[in-house]
Structures are given as C-alpha cells and as structure tokens.
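K.L.:
These protein sequence lines map, in sequence, to chains C and A. In terms of the numbering used here, the first sequence opens at residue 1 and continues consecutively. In terms of the numbering used here, the second sequence opens at residue 1001 and continues consecutively.
Worth flagging that the hints you see were computed from the coordinates, not collected in a lab. One or more of the hints may lead you astray.
[To be verified] The list that follows gives simulated cross-link-like pairs (lysine to aspartate or glutamate, EDC-like), each with its CA atoms no further than 16 Å apart: (1) A:Lys1123 / C:Asp125; (2) A:Lys1123 / C:Asp56; (3) A:Lys1123 / C:Glu319; (4) C:Lys366 / C:Glu295; (5) C:Lys123 / A:Glu1121; (6) C:Lys123 / A:Asp1359; (7) A:Lys1087 / C:Asp125; (8) C:Lys87 / A:Glu1126; (9) C:Lys123 / A:Glu1117; (10) A:Lys1006 / C:Glu254; (11) A:Lys1087 / C:Glu126.
Being a predicted model, the structure only gives us computed values, none of them experimental.
Single-letter residue listing:
There are 2 protein chains.
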Amino acid sequence: MNKILKNIEISLPEGEFLKKLESTKVLNVKMGFDPTSPDLHLGHAIAIKKMKELQDLGHKIIIIIGDFTARIGDPSGKDKTRPILSKEEIEKNAKTYISQLGKILDVSKIEIKRNSEWFNELKLDEFISLLSNYTVQQILERNDFKGRLEKGNPISMHEIVYPLIQGYDSIKVDADIEIGGQDQLFNLLIGRYLQEKYGKAPQTIICTPLLKGTDGKNKMSKSLKNYVGLTDLPHNMYGKIMSIPDSLIDEYFELATSFNEEEKKEIKKQNNPLNIKKRIAFNIVEQYYSKTDAEKAQKDFENKFQKRKLEDIDFVEVEMMQGETLLELIHRLLKRSKSEIRELFKNGAVSVDGKKIFDINFKPQKNFILKVGKLHYFKIK
Amino acid sequence: MNKILKNIEISLPEGEFLKKLESTKVLNVKMGFDPTSPDLHLGHAIAIKKMKELQDLGHKIIIIIGDFTARIGDPSGKDKTRPILSKEEIEKNAKTYISQLGKILDVSKIEIKRNSEWFNELKLDEFISLLSNYTVQQILERNDFKGRLEKGNPISMHEIVYPLIQGYDSIKVDADIEIGGQDQLFNLLIGRYLQEKYGKAPQTIICTPLLKGTDGKNKMSKSLKNYVGLTDLPHNMYGKIMSIPDSLIDEYFELATSFNEEEKKEIKKQNNPLNIKKRIAFNIVEQYYSKTDAEKAQKDFENKFQKRKLEDIDFVEVEMMQGETLLELIHRLLKRSKSEIRELFKNGAVSVDGKKIFDINFKPQKNFILKVGKLHYFKIK
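Looking at chain C on its own, in the form it has when it is part of the complex (with noise of 0.2 Å):
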C-alpha cells in the first residue's frame, strides 16, 4: 500500500483512492490515450506504472485509445490549436500503443477501447444534452483555454467540447478510478461530474505528476519534441537522458527509474552528476530494453563522448555551398526545421572549431569544424 502512493501528484477527493483499494470490488482504472503522435514516452510511463501497480493489485486496467477524439485535438496545456488528424493517420499511429504499453503493463490483461465506438453512434440531440450539463464559463475557466483568451489567442469551437467528449468516455466504460497527468485534472474531474449527472458512481481522479522534458523547460511531450520514447533505441534513450541539465536529475530519478529506496540512497551519497546521469540512463534502458542493451548503450556513448579526444572521430566530410549561412548549412545536413536550429543556436549548441555560435547569419570561411548538440560532427570543405 505504501508504493501505490508514490508518484501522485492529486488524488481527488481526498481517501477515496485507499478506501476503494481497500474493498474486495475489481475496479475499473481507466486511462486514455490520443492517438495524435505514435511516441509514448517517459512521461506518460509514469502514469502507466501506476496502472501496472493496480494491475498486480488485481484490478482491471481500461485504455481509451481516443481515436474519435484525436479528430478534434485537445490542446491541453498549450495554446494553439491542434490541427485535425485524418482518420488514417489516426489510426496508425493507435496501433503502434498497444505494443508500447506492453513495454509496462499485461496487454494480456488489459481491455482496449475506442471511442469511435460510441461516439460514432451518438445521435447530436444526446450530445447536445451532455453540452448542457456545463456552462461556457465552466469549460474557459480550463488554465490553457484562459490562457489563450487572454492572450486573445483565437479557441476553435470544436476545442472547448472535448471536455465533454473525454468525460463522457467515463461514463461508457463505468471507470472507478481515471488516472492521467496533473494537466488532465480538469478533463478528469468532468468525467467524475458527468458519471453522477448519468446516475453512475463517480470515479476517484488519479493525476501523476508531469515529467520535464530533456530541455529543462517545458513538460515532456509529442508535440515540442523534447521527449525520450519508450521504443527509442537503447543506445538513443541513453544519450537523451544524458544530455538533459543537471538541474533534472532529481526529478528523473523518482519519476522515471526502478530503483529502491537502498540503491537510491547509494547513489545519491556520489556527487559527480554525469556519473549519476549515467546510472539513471542505465537504468532507464534496462527498464524497456535489458541489462545488455544498457550495457552496450553506455559503453557506445563512453567511447563516442569520453573517451575519444578530437582527431579520432570519423568526421562525415560536406561541401559548402556558393553564399550558404551556418544556419542554411546546418538546415541541408540535420533535416530540422528553421525554427529548431534558431533554438540550438540560441542555446550555444553550434560551434565551430571549437568556438560557439550564436549568429545564425554568420557565413563561415570553408574547411571548418563543425559541432551541433553532442551529437553532430561534420567536417565542412
């Protein structure tokens, strides 16, 4: 009992989450997923561990794979709009989670949803009655739809009914506990007010806690790109989480590692980050992979960058172009996009021979060094 407590960020209302483990009744944990990008990543894993603990506790896991929602978008947490996703991506990206999930949880035991299901049935005059249960006060008051009215950020009609849409999900599925990251609160608690407007029990809200993404700055997520997958190849998992700052290392080390509370103990007693780092990169790996991927994962990255000085590292050999910017060069050889580059630039990620550059107008004599992130080494002619 003491386990499943950790790593909840809000638990609503309050005891309920105990009181309802405590009774003999198989709950219903229902979580929902957008299939809106293929990538789960560390964030959303720490909300699956918990489903995984539930799990072992013998209770029944519900995925929603939000396949008719993910049409809509839910900005969540962000203040754009999300654009609408055909049906066919949508749909290829669902089939890559359930194998995901499996990286954590029995998908032998789990029970699959998609709420196309219902809603594709829904007649408009039911829907327009779940509408009337909230007033448009209610649904604006949500942190990002604020945020972006205040900002005079234009809110697509379509946008603020997805509340509604994802409660109404609990509803279908008669889920006893809903459990989701802390930005979920607010769509969270709609399901539990909808479940008594429709005569059901009301679910007990579960939020995690939202896990930083390797920038530091903003919370891990599909869209900003920040984020360490649970299908990332071992040796591209291990580099990600090496290279996230210092500051981080206390939050991936309780959300994101299976380390007991000895083994944390001992490794909290090292003061040298990078070798902290290092374990918790190991660990991550072993958790998706296997002890000998995380082994090969961190002797790849020690020979890549520590041990290996300079002159020895095979260099991928480019040509200039003709009047070509350090930004247009960097755009031609990595493939990402403009505004990307600007932020490494902006972040004293590019440098040449060893000198870094933040004007991303400086046009470069020929035959250089050039490094971006830890990652990229080109020798320009």
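Chain A: place on chain C using the hints.
P.N.:
What follows is chain A alone, placed relative to chain C:
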C-alpha cells in the same frame, strides 16, 4: 420594387438583394421558427409579410420549423438560458405554426422543413467539423452572450452551438435569401459564412425591424408575454393594441398596419392618439380576421371602456382572505406570477377605489373596488 425595400432594417451585402431579385432565378427564401411557444405575433408578422411579398413575386418560401433546434433553446437577445423543451411540447407547438402562417402566406405554395430531418441523421464527427469553422471568441461576440458574460450570468455549453446549427439549415435548403428579425443578424451571417465554407452560394441577409411589445419597453416576445398574437381573438387583439403607450403609435402604424400611403396621410392628420390607435387596432384585426370582426371588436371596446361609467360595470364579487396583502389577492384572482404582478404595481396599473397603489405589501380594508390594468374590475367584500 419599391414596397419590397420597405420595413427592412439591414440588408447584407449591400445591393445583393436587389440584384438577386432582378435575376430570373426562383429564389429560395428561408425563414426559421423555433417552436418554443405556440404563438406567432405581430413582431413575426413583419418578416412574414416580407416573405409574402417575395412569394407574390414568384419565389419559393422555405419555412424551417426548428424542431431540433428548439430542443436546444436559443437565448437570442435575452440573458437567460431557456429551458429545454420536450419533444412532445415542441411537436404540439410546431403544429400550430402552419395555420398561423396561413394568415399571411399562401401556405399551399410554401415548403416546410423540420430541421430534425437532417440533424437526427448528422454524425457527431460531421457536427464537430461544423464547429471547427468558428472560434469561441467569434461566437461569444454575439451581443446577448457578451452581455451575459459581462454580467457573470451562466451560458450553457449547448447554447453556443446554436448559431452554427441554425446556420447549417441554410446549407441544407440552399437558401438564397434568409429573412429574420434584426436580432437574428448574427445567426443569419453565420448561415451565409457556412454556406461559403461548404461550397454553396451564400445567402443574402434581410433583417426586418423589431416591434416593441405592448409594454412599450421590450421587443415583442413570446417569452415576455407582451405580444399581440396572430391568433388572439379579435376583441383581445383590439384591446391589446389599444393598451399600447402613445409613444408606440408611429411604430405600430408603420410596421403592423396595412394602410396605403394615402390612408396614412389622412390618419396622421388626426391629433387624437386614442382615435389613431383605434384606426390601427381596427386595421390589424381586419388584416387577421375580417372587417366585420374589426367592427365588432371596436364596438365591444367602446362599450366596455368608453361609454360605461364605473357604476354600470358588472363587477366580479370576491371575498378577501384573512391577512391577505393586495399582491396576494391579485395573485389569487388573476393566477399570474407574483413578479408579473409586482411589475403591474410598479407601472401604476393597480388601483383601489380609483387610487393607484404602488406598495405591494398594502393590506386594504374590505369593501373596495379593485382595478388591475384596463380589463380587470373586482368588487372586494
């Protein structure tokens, strides 16, 4: 072509109405009615008469009975959420519309559509895609929504989808022109915009002026009970019109009568408001009934309110109850709501033995003549 431009408050885009009329195409002229209350009134008649003129020019009148929309309830121009009506109530109300429209239009030639026809079949994802054409901010710009937001009055989520729903009607019936009261401008423009979004020719918007109700303050409205219904009995219709404040004479003269220019000139020469009102009342009863009915109604009125003296009236005799206030007494006698009766007090419409009473808590002694409004006399014992 001259008459067709009269009694139009707004015509958008400018010039398009005449251009469409000049073409040889038979135009689809749409007007929608929410059957939330069974009575059409003189306020509706202004727009219905405009349709009659278009019908006489050979165009096709399409009446949308908003049986689906009525289950939502549009608060246009008011500041409260309307109660959602049951299917049965709506069906009952809808049925009376056609015969009422027949008092002005040739109903054998009109097309009647119930919007449940398409909304009962509309898939939720198509509806959500309809919603995505507008932002929350755009919808909340509607005056009544804005006012309610500012006052902190709740707006239910189902209400703000209303404008898009009625706009969708225009797509389904290929409206070339939509006619509505001035307070419908916002909704009508949405219809035009959505038609364009859905690749249809956009409708021209014609808004007729709003008629004030018999209270002289608010627009004539079913829910405010300040209306003269097209099916009011002749003597009630006549009496209600006689009860309007003199300040409304011009408005009723222009918007509700069928006088030609010469008759208008002749009548306006008179200086006696009572006589002008009698001409207006007579004309209106004649429009919706017959000359004989108008004559009878006029005679009735003259007998009741002009020729008789107080002594001659056959009073209804009523006993007072122990400790009853004047408000409670009137409430019991007229079976009208206390808030309506309070309004009567405020307007000086309650008098005891010929003296106006403004204090709702006034406890009269027995044995007096109670007069409420112009129509109700009681002898209280």
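K.L.:
Does the alpha-carbon distance linking A:Lys1087 and C:Asp125 stay inside the 16 Å limit?
P.N.:
holds, 11 Å
K.L.:
Are the Cα positions of C:Lys123 and A:Glu1117 separated by 16 Å at most?
P.N.:
holds, 13 Å
K.L.:
Hey, A:Lys1123 versus C:Asp56, does the alpha-carbon distance stay inside 16 Å?
P.N.:
violated, 40 Å
K.L.:
Starting from A:Lys1006, check that the Cα of C:Glu254 is at most 16 Å away, please.
P.N.:
violated, 75 Å
K.L.:
Holds or violated: are the alpha carbons of C:Lys366 and C:Glu295 at most 16 Å from each other?
P.N.:
violated, 39 Å
K.L.:
For the pair supplied as a hint, A:Lys1123 and C:Asp125, confirm whether the alpha-carbon distance does not exceed 16 Å.
P.N.:
holds, 11 Å
K.L.:
Regarding the pair C:Lys123 and A:Asp1359, is the alpha-carbon distance no greater than 16 Å?
P.N.:
Not satisfied, since the Cα-Cα distance of roughly 52 Å exceeds 16 Å.
K.L.:
Are the Cα positions of C:Lys123 and A:Glu1121 separated by 16 Å at most?
P.N.:
holds, 8 Å
K.L.:
For the pair we were handed, A:Lys1123 and C:Glu319, check the Cα-Cα distance against 16 Å.
P.N.:
Violated: A:Lys1123 and C:Glu319 sit about 56 Å apart, past 16 Å.
K.L.:
Take a quick look at whether C:Lys87 and A:Glu1126 sit within 16 Å of each other, Cα to Cα.
P.N.:
Holds, at roughly 13 Å.
K.L.:
Hint check: A:Lys1087 vs C:Glu126, CA-CA at most 16 Å. Holds or violated?
P.N.:
holds, 13 Å
The earlier numbered hints that this structure contradicts are 2, 3, 4, 6, 10.
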